[in-house]
Amino acid sequence: MTSEQLNLTIPDLLDRNVQKYGQKIANREKEFGIWQSWTWQDVKEGVEEIALGYLSLGIQEGDHIAVLGRNRPRLYWSMVAAQWIGAVPVPIYQDAVGDEIGYVLGHCEAVLAVAGDQEQVDKILEQQEKCKALQQIVYLDPRGLRKYDHSRLHSFASIHDNLAENKDRFGEELIRRRKALSPEKICVMLYTSGTTGNPKGVVLSHDNIIAASKASSDFDSLSQKETVLAYLPMAWVGDFIFSIGQAYWSGFCVNCPESSQTMMHDLREIGPSYFFAPPRVFESLLTTCMIRIEDAGRTKRSMFQYFMQHARKVGVPIMTGEKVSLMDLIIYRAGEFFVYGPLRNVLGLSRVRVGYTAGEAIGPEIFDFYRSIGVNLKQLYGQTEASVFITIQPDGEVEADSVGIACPGVEIKIDDRGEIFYRSPGTFIEYYKNPESTNSTKDKDGWVATGDAGFIDESNGHLKIIDRAKDVGKMANGKLFAPKYVENKLKFFPDILETVVFGNGRDYCTAVINIDLISVGNWAERHNVVYSSYQELAGHPEVYDIIHGYIQQVNEDLAKDENLSGCRVKRFLILHKELDADDGELTRTRKVRRRVVEDKYNDLVTALYDGSKEVATTTEVTYEDGRKGFISATLRICEV
Amino acid sequence: MNETEVTDKVDTLMDIKKVTLRFGGVKALSDVSFNIKESEIRAIIGPNGAGKSSMLNVINGFYTPQEGEIWFQGKRRPKLKPHQIAYQRIARTFQNIALFEGMTVLDNMMTGRMIYMKSGLLPQLLWWGKAEREETENRMIVERIIDFLEIQHIRKTPVGMLPYGLQKRVELGRALAAEPKLLLLDEPMAGMNNEEKEDMCRFILDVNEELGTSIALIEHDMGVVMDLADRVVVIDHGEKIADGLPDQVRNDQNVIDAYLGVAH
Amino acid sequence: MFYREVGEFKTSYPQDSESFAIGLDKYGYYFILIIAFGIIPFLVNDYWANAVFVPFLVWAVASLGLNILTGHCGQISLGTGGFMAVGAYSCYKLMTSFPDLNIIFCIIISGVITAAVGILFGIPSLRIKGFYLAVATLASQFFLVWLFNRVPWFYNYSASGQISTPERSVFGVLVTGPNVQPWAQYLICLLFAFGLAWGARNLTRGSLGRSWMATRDMDIAAEIIGVNLLKAKLSAFAISSFYIGIAGALFFSVYLGAVEATEAFGINQSFLVLFMIIIGGLGSILGSFIGAAFMVLFPVLLKNILVGWWQWDAAIATHLEFISVGILIIVFLIFEPHGLAQLWRLLKQKLRLWPYPH
Amino acid sequence: MQTLLFALEVSLNGFMTGILYSLVALGFVLIFKASGVFNYAQGVMVLFAALTLVGLQQGIVPFEHLINNLFGTSIHGFGWNMPTLLALLLTLLTMLLLAWLVEKLILKHLVNQNPVILFMATIGLAYFLEGFGDLMWGADVKKLDIGVPMGISDTVESTTYDWFGYGFFIDRLDITASIVAALLVIGLTIFSQYSKTGRALRAVADDHQAALSVGISLRQIWVIVWSIAGLVALIAGIFWGSKSGVQFSLSLVALKALPVLMLGGLTSIPGAIVGGLLIGVGEKLFDFLVGPMIGGATENWFAYVVALVFLLFRPQGLFGEKIIERV
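Protein chains in written order, with the numbering used here: chain A, 2 to 641; chain B, 0 to 263; chain C, 5 to 362; chain D, 3 to 329.
These aren't lab readings, by the way, just hints derived from the structure by calculation.
Please note that a few of the clues may not be correct.
[Unchecked claim] To give an idea of the chain B side of the interface with chain A (calculated C-beta under 10 Å), a few residues:
1. LEU105
2. ARG138
3. MET139
4. VAL141
5. ILE145
6. GLN151
7. ASN193
8. LYS196
9. ASP205
10. GLU209
Cβ atoms here follow ideal geometry from the backbone N, Cα and C, with glycine treated the same way.
Produce the complete structure using the sequences and hints provided.
In structure tokens form, the structure reads like this:
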């Protein structure tokens with residue numbers, strides 16, 4: 002069954018859910034100390050209220066409405082409300098800096114911006130000259146906005162107050178707009194934080210979203226009973242699919258945390274049954290866990306170690322339903338009581354029935370750690386252009402280094418250069434106001450280039466990703482150069498936060514390393530190594546030794562694989578500052594902007610290849626408040 | 000209220016007239032007069048031991064002056080017990096924190112709602128009807144203040160375990176819980192680092208703006224006073240030596256002398 | 005370790021302020037109730053009832069009372085024995101003067117009378133604090149006991165100066181007097197203990213309870229916030245005395261059946277209860293029960309071991325009891341002023357965070 | 003006329019008891035002033051001192067009951083009597099040791115704790131001592147006789163008879179007691195007023211920090227005051243012991259010092275003395291005049307009720323200084 006036959010829009014699904022689950026809870030938000038709840042009925046009323054508000058502000062069909070803020074029910078509603086009246090919601094990363102927001106607002110010519118709080122409102126107001134089209138701003142949290150000029154500012158409260166009036170003034174209009182709505186109309190526009198150049202606005206239709214949501218929901222048989230925690234940026238396609246697409250398709254409840262600080266605590270309270278997180282979240286979760294275990298008493302620690310070892314041995318097999326010896330099973334059950342269960346409990350993952358990770362490769366031991374303690378964690382491979390889903394791992398066929406089989410309804414092919422192509426009902430319509438890149442990525446038959454290189458494992462038909470296609474280069478000696486592949490292997494060590502590997506067209510590979518302040522800092526504490534700053538810790542000789550060790554391990558791995566053996570790292574240095582999205586070195590999803598780094602630190606790169614023992618450098622940095630400053634340092638270069 | 004005569008100034012919230020306070024022989028305050036207007040921030044400054052705290056103690060009835068009158072909301076205030084004055088919605092914080100150590104942040108702030116709690120013994124004993132309703136209603140208000148002061152994460156922590164800066168914030172919260180008309184702050188920023196001070200300033204200003212609460216505060220940090228206060232009164236050796244806008248006061252000769260400790 | 009709290013979230017304030025907010029705790033609580041009401045009554049025999057359960061419940065009620073005054077409101081009292089005497093003698097007078105009045109009401113009214121007396125002796129607390137007050141309460145102790153000892157009207161001019169309970173029954177079941185069934189004794193005490201504990205919990209989590217705790221922690225600030233110290237302290241005295249009075253009534257009518265003021269309600273009883281709440285935990289309902297259990301079981305145990313097994317003089321057992329109790333008190337005050345209840349809390353915290361250390 | 007004289011006699015007796023009260027009260031005051039501890043155990047210390055004295059004097063084997071029970075032996079005393087002076091000396095040593103232990107084992111761990119906690123701790127101590135004393139020397143009522151003159155003093159009787167035609171009955175014991183007590187009271191007063199240590203004590207009382215800054219070790223002070231309290235307890239123990247036998251009730255009598263304090267004011271030495279006399283005379287007179295009408299034995303509570311009522315009007319006591327509350 003394909004989406005055309007479904008022939009539904011998000012608002013249609015909302016109506017359907019009100020029919021099916023009227024009094025069931027659709028949204029929860031931790032506010033004022035308790036979980037405020039809204040039934041599907043409430044949601045519909047909320048959405049209509051906002052939609053009427055939009056109409057009263059003169060929003061036309063096809064207008065773009067930008068949405069900035071942390072995950073909050075009303076902001077989700079404001080997106081659905083936009084669809085309701087034929088406008089296009091454009092969620093924007095809340096932590097984006099001024100000019101990024103300015104660019105997006107300008108590019109999509111948003112006429113209205115919905116802002117979460119004062120901070121977001123300020124950012125928008127700063128960018129006014131970049132987005133002439135913007136006429137109105139609606140804000141949610143009035144704190145601190147009292148004294149602002151309200152000629153163009155409106156609070157959700159005021160919209161609520163005018164509900165009655167708006168109803169009789171725009172009631173018919175609302176219905177007309179709703180009628181005019183159709184599945185091929187635009188559902189949402191999401192800006193991909195492209196690893197290079199300006200973000201591109203990916204236009205997705207209701208068909209795309211709903212087809213993708215249906216397929217994936219069926220795949221894991223998601224039901225109305227699921228609970229999810231919406232904590233990932235609303236501007237990210239994943240969140241849109243989980244918190245709107247699948248939530249509206251399956252009718253399950255979406256919960257919003259109280260604030261970013263309380264996220265982990267709220268996760269524990271809610272206990273999601275369906276959980277998505279990028280690898281870095283699972284990573285930091287594991288790191289903090291291990292650190293906390295470190296300060297436990299010896300007996301407890303050794304018990305923990307013992308059971309975790311056992312889990313590593315039999316945990317995954319048990320999870321995938323393989324037969325294990327009775328003794329092992331008994332010990333595992335004991336572990337379940339003493340360690341795994343309580344651990345899932347403190348991590349807040351006790352109830353996770355289906356868990357996914359995606360976006361980048363996850364460290365095998367991290368991945369296996371969660372599976373071995375009984376969390377059904379799986380991988381999927383996707384991108385905005387596909388409304389997320391390209392490949393996905395079925396229960397019982399889960400491996401750390403593959404990304405699973407093609408999602409229902411998705412076709413995959415791999416060209417001679419190893420680049421992956423796909424075609425699916427979820428495939429996007431176009432890049433907004435950017436035909437040439439639309440054509441360059443999507444051909445007339447609807448095949449889309451992922452820009453990733455990979456191959457299909459004949460043994461089980463699972464897709465394996467090597468790297469970004471364009472980043473897969475050749476070494477001077479003609480051997481294959483897959484930096485991302487190496488970087489991931491390195492990043493699997495908790496002490497390494499980020500790393501960039503160079504070597505395209507060169508004789509050998511070199512690496513720039515970013516240490517993880519939490520993990521390494523903790524090491525420093527336990528070995529009472531004193532340091533005053535990130536820079537000082539990064540420069541510490543013992544730290545160098547540790548990293549040196551990791552790189553050797555990775556090199557050994559690489560040596561095993563014939564066509565990747567060229568990628569072994571010969572020289573490296575530890576960077577004196579953390580790569581930072583505010584300096585444009587990372588994308589908002591914390592992917593490295595390879596080119597930017599290469600240009601910005603070319604002095605280091607040359608030094609890495611001219612054989613010098615150390616190099617002096619100064620770098621510009623941007624602080625939270627947007628001020629700029631310079632830090633300079635002399636970095637040691639280490640041979641492997 | 001035995002007297003109901005109305006003062007001339009309408010927008011005056013509190014009028015302190017010729018107040019004199021003695022401890023035995025010692026004069027802590029000698030006929031000090033000044034007023035506090037509706038929704039203004041009024042700073043009371045002066046060298047240590049000048050009688051600033053005594054002034055606050057007089058205002059919220061902890062000390063009763065031997066002479067002088069206090070007019071509140073246009074009415075002359077008879078001699079009242081501190082807890083009766085609390086019912087007139089005058090709340091305060093203390094120079095050295097006076098929180099209820101044994102209770103959680105939430106309970107401390109709920110105690111701040113004491114004057115709104117009216118349910119009788121029996122309902123409370125059975126936790127039924129009015130008692131439970133009242134509890135929930137007041138909890139809602141307190142939660143909004145918790146949200147306002149950004150202390151959600153410590154809601155259920157016993158205050159004894161909190162760092163100094165947070166305790167100060169909680170104490171402010173407890174005072175706010177009473178939804179005061181007049182808020183007295185006794186050195187709200189004493190012993191805070193700059194970041195904490197900035198936060199506290201922001202909160203004080205927000206309270207004054209968002210809720211229109213009148214605030215009388217004692218503070219040593221001149222910078223803070225100049226930023227916050229609408230008007231400043233200076234007390235030295237229990238006498239008022241200056242009263243006016245921050246800039247006037249700063250350049251007032253008496254004040255300068257007082258701070259430099261020139262003999263009178 | 006046993007806790008699985010994931011997915012336990014509150015959607016309303018009443019939920020959030022529940023006494024047993026954590027699921028597991030709630031089940032534990034129900035479990036204990038079922039045992040206490042559904043199982044023990046069928047098993048309990050005369051020895052267990054009179055040596056363990058009934059005294060435990062009676063003392064638990066008394067320490068609930070004292071805990072409200074001392075633990076929550078911060079006013080020490082050494083007059084508990086005296087107030088128990090008031091409860092006992094009022095109950096006796098009521099039972100003898102109104103033979104048709106149901107014993108339940110007799111007991112409750114005794115509580116009320118004691119509350120009145122409590123208020124009377126509480127008045128000084130408005131002027132005097134700390135151990136000044138403690139000593140002042142000694143006055144009530146000595147005066148009241150003397151009163152019941154010397155004024156014949158109270159013991160109906162009986163030659164022995166003793167009072168002994170007439171037989172009374174509830175719903176046709178005998179609950180007082182010499183021929184009472186152990187399970188009946190147990191059950192009636194349990195009912196009172198449970199009801200009063202539940203009430204105490206409600207009071208201490210409501211606005212009245214907060215006004216007490218505020219008075220305890222910082223009376224000046226409390227008054228400035230709007231707590232009427234007079235009301236707070238007197239209500240604490242009244243309610244505390246109400247509980248203690250009921251304890252006294254039960255102690256006399258259900259537990260002992262016959263008492264004589266000086267030895268049944270001497271100053272040592274006052275200390276006994278004080279120790280219960282120190283060891284159990286000041287300001288904790290649970291603590292009142294733990295403390296009572298401890299102070300009741302400990303001597304029984306000591307006796308059974310020393311006298312029962314080793315055949316020592318009972319006197320020595322008593323002396324050792326005094327010594328060890330004294331030591332225990334000091335040790336607790338030094339190392340855990342909040343008593344066993346606090347230890348339990350800490351343990352629970354550990355279990356909840358398991359496998360994390362903290 | 004007759005009754006008046008009778009009353010006079012009664013009050014005279016009361017006066018003498020009063021001096022003993024003052025004595026015990028003094029012990030309280032010293033400890034309280036110096037360490038801020040309200041020593042509930044003072045009463046039991048009196049009992050303990052008396053017990054120890056008797057025990058030593060009559061050559062009772064410490065813990066003999068316990069030993070007998072443990073090893074099935076049947077020891078009953080050494081069979082000799084220790085010379086009184088030696089016994090006195092050893093008892094005194096015991097009390098000093100006790101003082102030292104109290105500091106070492108209890109006070110040290112409760113420094114700058116809430117006074118109420120300390121108070122409760124001393125209650126614990128009282129319990130311990132009571133049990134310990136009994137276990138050590140046996141719980142039976144003992145007769146204490148260290149050769150203090152006893153019996154009605156004929157001289158007083160005859161002289162008074164000659165004067166008023168009515169002979170006062172006054173126990174010689176009481177007379178000696180009051181003389182000794184009076185001396186001790188004077189001694190202690192002088193000691194605390196004029197001796198260096200005494201001044202140190204008061205310094206500590208006024209301000210711990212200051213005391214420390216002038217180089218006085220708080221812990222020494224504590225040991226000293228507790229020793230003095232021990233001494234006082236011993237003396238009181240001797241007289242009461244000889245008067246009414248050594249038994250638990252001793253500690254209750256000694257407890258009367260509490261209301262005495264309330265009356266006099268916790269921190270005032272003269273207060274303790276005056277209070278003691280007032281209570282002593284007061285309770286005797288009251289029992290003499292009102293007692294018969296309401297069933298007698300009013301001494302049990304008179305002191306406490308007086309203190310309570312008095313506190314209502316003057317919370318800081320007769321000589322205590324007024325408390326000004328600040329915020």
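Query raised in the report: Can B:VAL141 be said to touch chain A, with a Cβ gap under 10 Å?
Result: holds, 9 Å
Report task. Classify the hint on B:ASP205 as holds or violated, based on whether any CB of chain A lies nearer than 10 Å to its CB. Result -> Since the shortest Cβ distance to chain A is 7 Å, the answer is holds.
Query raised in the report: Can the hint on B:MET139 be confirmed by a CB-to-CB distance to chain A that is less than 10 Å?
Result: Nearest chain A Cβ about 7 Å off; hint holds.
Query raised in the report: Under the criterion of a CB-CB separation shorter than 10 Å, is B:GLU209 in contact with chain A as hinted?
Result: holds, 6 Å
Report task. Closer than 10 Å between Cβ atoms is the bar; does B:GLN151 clear it against chain A? Give me holds or violated. Result -> holds, 6 Å
Report task. Identify whether the interface hint at B:ILE145 stands, where standing means a beta carbon of chain A within less than 10 Å of its own. Result -> holds, 7 Å
Query raised in the report: Are B:LYS196 and chain A close enough, Cβ to Cβ, to be under 10 Å, as the hint says?
Result: violated, 18 Å
Query raised in the report: Should the hint that B:LEU105 touches chain A count as held when the rule is a Cβ pair under 10 Å?
Result: Constraint on B:LEU105 satisfied, holds at 8 Å.
Query - chain A contact restraint for B:ASN193 - C-beta distance below 10 Å - result: At about 15 Å, which exceeds the 10 Å cut-off, the nearest Cβ of chain A leaves the hint on B:ASN193 violated.
Query raised in the report: Can B:ARG138 be said to touch chain A, with a Cβ gap under 10 Å?
Result: holds, 8 Å
The structure fails hints 7, 8 (numbered hints given earlier, in ascending order).
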